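Protein chains: 2
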Amino acid sequence: MSEPSIDTIDFNLDLARQQIDEQLVRFTEFDADCPAQLREAIRYSLLSPGKRLRPLLVMMACEACGKDSKESLPAACAVEMIHTYSLIHDDLPSMDDDQLRRGQPTCHVKFDESTAILAGDALIPLAFQVVCSEYPPSIATPCSVELAQACGATRLVGGQVDDLAQESDQMGDLEKLEHIHRRKTGALLSVSLRLGAIVAAGSSKQIAALEIFGKNLGLAFQIVDDLLDCRGDWTKMGKMTNKDDGRGKLTYPNLMGVEQSESRAAGLVHDAVESLADFGSRAEPLRNLAKYVLERTH
Amino acid sequence: MSEPSIDTIDFNLDLARQQIDEQLVRFTEFDADCPAQLREAIRYSLLSPGKRLRPLLVMMACEACGKDSKESLPAACAVEMIHTYSLIHDDLPSMDDDQLRRGQPTCHVKFDESTAILAGDALIPLAFQVVCSEYPPSIATPCSVELAQACGATRLVGGQVDDLAQESDQMGDLEKLEHIHRRKTGALLSVSLRLGAIVAAGSSKQIAALEIFGKNLGLAFQIVDDLLDCRGDWTKMGKMTNKDDGRGKLTYPNLMGVEQSESRAAGLVHDAVESLADFGSRAEPLRNLAKYVLERTH
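Chain order of the listed sequences is A and B. Under our numbering, the first residue of the first sequence carries the number 3, and numbering increases by one thereafter. Under our numbering, the first residue of the second sequence carries the number 3, and numbering increases by one thereafter.
Hints may contain errors.
Quick look at which bits of chain A chain B covers, simulated, 3 or more residues with Cβ under 8 angstroms [said to hold, decoys possible]:
no.	stretch
1	66-72
2	134-141
3	159-168
4	187-195
Listed next, with one range per pair, are the computed distances between beta-carbon atoms [stated by the list, open to error]:
no.	chain 1	residue 1	chain 2	residue 2	range
5	A	GLY282	B	PRO107	50 to 60 angstroms
6	B	ASN14	A	LEU102	54 to 64 angstroms
7	A	LEU176	B	ALA34	17 to 27 angstroms
8	B	ALA34	A	ASP16	38 to 48 angstroms
9	A	ILE209	B	GLU180	41 to 51 angstroms
10	A	LEU17	B	GLU213	37 to 47 angstroms
11	A	GLY105	B	ILE214	43 to 53 angstroms
12	A	ILE209	B	ALA34	19 to 29 angstroms
13	A	GLN262	B	ALA167	35 to 45 angstroms
14	B	ALA34	A	ARG266	24 to 34 angstroms
No wet-lab data here; the hints were simulated from the structure. As the structure is a prediction and not an experimental result, all values here were calculated from the model. All C-beta atoms, glycine included, are put in the ideal place defined by N, C-alpha and C.
Extracted from the complex, chain A is given alone in its bound form (with noise of 0.2 angstroms):
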């Protein structure tokens, strides 16, 4: 409801982190009915240390459309909810059977399958609720309806089905590729800061323009962890094998090479940026998040 003053528009992530983490804490502390290992596990994950990029673009897009970013926390909180479900899942030995998450060992090695399993299935939920709580029906509706459709079956869900089925497909190539992660990785981005903006109260006009900034950052995101994840390794291992090269993965420097990728993630953050233009300063953190995005890769 409070118009923010232009000093509260210099975002500052570190606080906006700070909030995020103690609402994740305070929406994560359950009654006696919740046996403590699922708990434990679901508090393992959603609060290891993270950039915390979701959360972080819903209170932007709250603030780029005129509302205190505080207004959109548990919007932000649903919407990392979600994505931590995903990683826990996707980390499972029938998917990606990974051992390591941000440097710790993955829920279901830390815990166990089904405990992992079990935590991502209570995350679902827990985000519904958060949002339908926590707003008043106007706003938690069309917002459980964008978080439903992000992660359903046509976006993060179907995604991740496609990601792991083209393991064993030749055929890949970069529309393939930009389809899964359009869904995988650009619907919870792209909802992120849809949420912002509904908390906010923004125009349709204001949805657009966030939308196309989302879609390009989103892939620019994903072509700068492929060239991270490809670098990393080259620093390691002194030659161009990575870990989703090696089983078989389509990335973007294998498709399209390293260069024409790292111009590629600079034309995409460029639109995202243009894509702005009409949001002035209150926009600002929006714009240094994506450039940041790039300067990753350097």
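Take the given structure of chain A and dock chain B to it, following the hints.
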């Protein structure tokens, strides 16, 4: 909105199941971004022949509170989606490791483990999407909160974690067994009744009565299930061992014997029926359903 005549109160179970199945088909049409295998897995599990007990409870509770049961179809389908996801995940190798469900291969056997996990994952947000898309915000929001609580860390998922844990725990007693079932089975039965009442704008007195009905019915249902499991294996194997028993699970017949289990179930159904005294003829379908649960033991 429309008041059904006395004729329609004579609830037609077959018609209701047909209405439920039609809506479940409609809600799982998905667009082309849903991979074919995922769509097939979701529908395989969701549309497999079943009693549709939970959605019927939603519809009957709606009818009992004075609205046409058809208005509760989206909420009814949402509960069935959550129920189906929980069955798919409970059957997984790392959980109950079941090969058959309702006489058909379980989802991970028919497809594969990752597809089964992801089919379940997609059903959870779909339930919230249906509720939030099909009802006005003033109904959608409380329904979503109720549904999220029922399938969250303190209820459905918490009950499953404790159910898995007690397999290796010799300290089990009746209190513990009921604590598990109240959450694992009872939570969804109870929320079914609550959602039907919310859709029908039932009074808090009506909701409280339905709550008692649901609590008693849920426990009776579980006892009867245990009895049937135990009897089925008597017939087949000529001795009182069964799958649950063999894996060290607590069951009512194991804890209190067959006869006492039967009389406990009968007492609970009696109490369930009593709790609906103020509803008049509109609650007759619910009373009949409760009696039917008991008849399964004979």
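Of the numbered hints stated earlier in the document, which are not met by this structure?
Going through the list in order, the structure violates hints 1, 4, 13 and respects the others.
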